[in-house]
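Produce the complete structure using the sequences and hints provided.
Taken in sequence, the protein lines are chains E and Y.
All the letters of the first sequence, read from the start, carry residue numbers 1 to 269 under the working numbering.
All the letters of the second sequence, read from the start, carry residue numbers 270 to 538 under the working numbering.
No lab work stands behind these hints, which were simulated from the structure alone.
Check before you lean on any hint, since a few could be wrong.
Okay, the calculated beta carbon distance ranges per label pair [claimed, not checked]: (1) Y:H461 - E:K237: 45 to 51 Å; (2) Y:D450 - E:A260: 52 to 58 Å; (3) Y:N481 - E:D202: 55 to 61 Å; (4) E:D142 - Y:A484: 46 to 52 Å; (5) E:A222 - Y:M297: 54 to 60 Å.
Virtual Cβ for every residue (Gly too), placed ideally from N, Cα, C.
Number of protein chains: 2
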Amino acid sequence: MRPAFYISDGTAITSEVFGHALLSLFPMEFEHHTISFVETVAKAEEAKAKINAISKRSGEKPLVFHTFVNPEIRAIIDSCDAIIYNFLEHFVSPLEKELNVQAKPKAHRTHSIHENSYDYRIDAVNYALANDDGSNVTNYADADIILVGVSRSGKTPTSLYLALQYGIKAANYPFTDDDMDELKLPNFLKQHKKKIFGLTIDPERLMDIRDNRRANSKYSSARQCRMELREVEKLYKKEKIPFINSTKFSVEEITAKILAETGLRRHKY
Amino acid sequence: MRPAFYISDGTAITSEVFGHALLSLFPMEFEHHTISFVETVAKAEEAKAKINAISKRSGEKPLVFHTFVNPEIRAIIDSCDAIIYNFLEHFVSPLEKELNVQAKPKAHRTHSIHENSYDYRIDAVNYALANDDGSNVTNYADADIILVGVSRSGKTPTSLYLALQYGIKAANYPFTDDDMDELKLPNFLKQHKKKIFGLTIDPERLMDIRDNRRANSKYSSARQCRMELREVEKLYKKEKIPFINSTKFSVEEITAKILAETGLRRHKY
Chain E
1 MRPAFYISDG
11 TAITSEVFGH
21 ALLSLFPMEF
31 EHHTISFVET
41 VAKAEEAKAK
51 INAISKRSGE
61 KPLVFHTFVN
71 PEIRAIIDSC
81 DAIIYNFLEH
91 FVSPLEKELN
101 VQAKPKAHRT
111 HSIHENSYDY
121 RIDAVNYALA
131 NDDGSNVTNY
141 ADADIILVGV
151 SRSGKTPTSL
161 YLALQYGIKA
171 ANYPFTDDDM
181 DELKLPNFLK
191 QHKKKIFGLT
201 IDPERLMDIR
211 DNRRANSKYS
221 SARQCRMELR
231 EVEKLYKKEK
241 IPFINSTKFS
251 VEEITAKILA
261 ETGLRRHKY
Chain Y
270 MRPAFYISDG
280 TAITSEVFGH
290 ALLSLFPMEF
300 EHHTISFVET
310 VAKAEEAKAK
320 INAISKRSGE
330 KPLVFHTFVN
340 PEIRAIIDSC
350 DAIIYNFLEH
360 FVSPLEKELN
370 VQAKPKAHRT
380 HSIHENSYDY
390 RIDAVNYALA
400 NDDGSNVTNY
410 ADADIILVGV
420 SRSGKTPTSL
430 YLALQYGIKA
440 ANYPFTDDDM
450 DELKLPNFLK
460 QHKKKIFGLT
470 IDPERLMDIR
480 DNRRANSKYS
490 SARQCRMELR
500 EVEKLYKKEK
510 IPFINSTKFS
520 VEEITAKILA
530 ETGLRRHKY
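Quick look at the structure:
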């Protein structure tokens with residue numbers, strides 16, 4: 001497998017996203033290596049030694065994706081026995097011309113605490129945990145969004161992703177078997193109807209997920225899953241609650257769709 | 270403020286990371302817009318209308334960061350009244366030459382459920398929640414990592430980030446006031462010592478965070494915070510537990526440092 005390195009003076013998340021987006025276009029497997037926090041010349045020399053050793057071992061030049069702005073460190077990385085892709089360099093000078101402003105590269109500004117979104121995000125994580133799975137229905141005035149749906153339709157991971165990535169306070173409330181006889185919005189939800197967003201899922205997928213938790217139970221039976229989903233989707237339509245089917249989507253995709261539909265404001269970009 | 274658009278046929282996370290990394294080099298504020306899931310010509314025309322309307326309103330051409338591979342959609346976006354930055358195009362043909370393989374662009378492969386990491390990540394989120402804050406000390410055999418530290422030193426957000434982003438199962442265990450008289454590793458942790466990773470934090474920052482939760486309490490007092498941190502750091506050193514100080518770091522940075530130090534394998538890149 002061709003080795004690929006993602007390197008930066010910070011988390012290397014940007015280099016990873018950059019390299020991964022490109023490599024995913026190729027029908028091949030790669031051997032991934034991340035080297036983060038290369039903040040000094042000494043660490044750059046260490047990274048170079050590692051890259052060169054792997055180059056020698058594999059017999060193929062590694063692909064190196066980096067975002068260094070410090071010229072001294074850049075020169076060391078650029079001198080590795082590797083193919084170097086620096087995605088900043090192609091865009092900085094056109095942007096400088098367009099903006100008529102000179103770039104002021106600082107070390108790893110993105111994904112760092114200096115983005116000022118830290119407290120929002122930690123508060124939002126605490127909020128999501130305290131208001132997970134209907135555990136506290138009296139706090140919904142503070143929610144930015146309230147996710148609803150049957151058990152195991154994706155509410156909790158989505159709430160946590162909204163909190164961690166964007167500082168959005170997401171509560172979530174499950175509709176359970178007990179609610180199903182005559183499913184309607186409870187008063188504590190009705191009061192905050194504008195914040196409600198529904199999730200649904202295909203019955204087959206729900207059965208699989210539930211069966212992994214409680215095999216051969218009523219909870220995971222085809223009949224029960226179908227009934228719960230039918231009732232919940234009927235409610236969404238009756239109450240005009242926006243909803244999406246999470247079956248074929250990752251947590252990033254569900255979140256992106258929710259943000260697009262609701263226009264919720266993020267506390268972090 | 271100059272408008273900036275991040276557009277793609279998927280979540281637009283790659284376009285956001287790409288644009289944000291570039292724009293953060295400039296000492297200016299931008300007005301951010303994301304348009305995700307532009308999967309059809311009709312949606313591309315809608316996006317174009319939106320971009321052109323904002324161009325007209327602001328009197329300045331918006332900056333548009335995109336990653337489209339579909340030529341029809343690309344042509345529509347490229348024809349907007351805007352400055353277009355397409356970060357794929359600069360790198361795809363050099364990579365094709367280097368790899369001697371032709372790129373096979375598929376629509377939004379990254380950040381989608383097709384990355385095959387979905388189940389790992391959801392399992393890891395469930396694991397993190399079930400093993401948060403010492404709530405279950407009998408499950409540590411299944412942990413990839415066990416974060417330890419005093420209350421409010423960053424354990425929970427870090428556990429969740431490890432789970433959501435990388436599918437890594439992280440338990441976390443708090444050392445509390447009751448443990449402090451003669452702090453040592455409990456047996457259920459000693460058994461899994463290789464998995465333990467410590468967090469610490471500056472006393473002033475800890476006091477702030479705790480004071481927001483319980484103002485003027487013993488819990489948030491300078492004396493208590495200093496004592497707990499002193500004891501915990503002494504334990505880390507005595508037991509040779511790797512640890513980092515989370516004070517000046519975002520959850521991404523803490524996670525990246527932990528991954529670098531432990532060499533933990535990710536289930537998602």
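Against the structure, the hints come out as follows:
no.: 1; hint: Y:H461 - E:K237: 45 to 51 Å; in the structure: holds, 49 Å
no.: 2; hint: Y:D450 - E:A260: 52 to 58 Å; in the structure: holds, 54 Å
no.: 3; hint: Y:N481 - E:D202: 55 to 61 Å; in the structure: violated, 42 Å
no.: 4; hint: E:D142 - Y:A484: 46 to 52 Å; in the structure: violated, 19 Å
no.: 5; hint: E:A222 - Y:M297: 54 to 60 Å; in the structure: holds, 57 Å
The structure does not agree with the numbered hints 3 and 4 stated previously, though it agrees with the rest.
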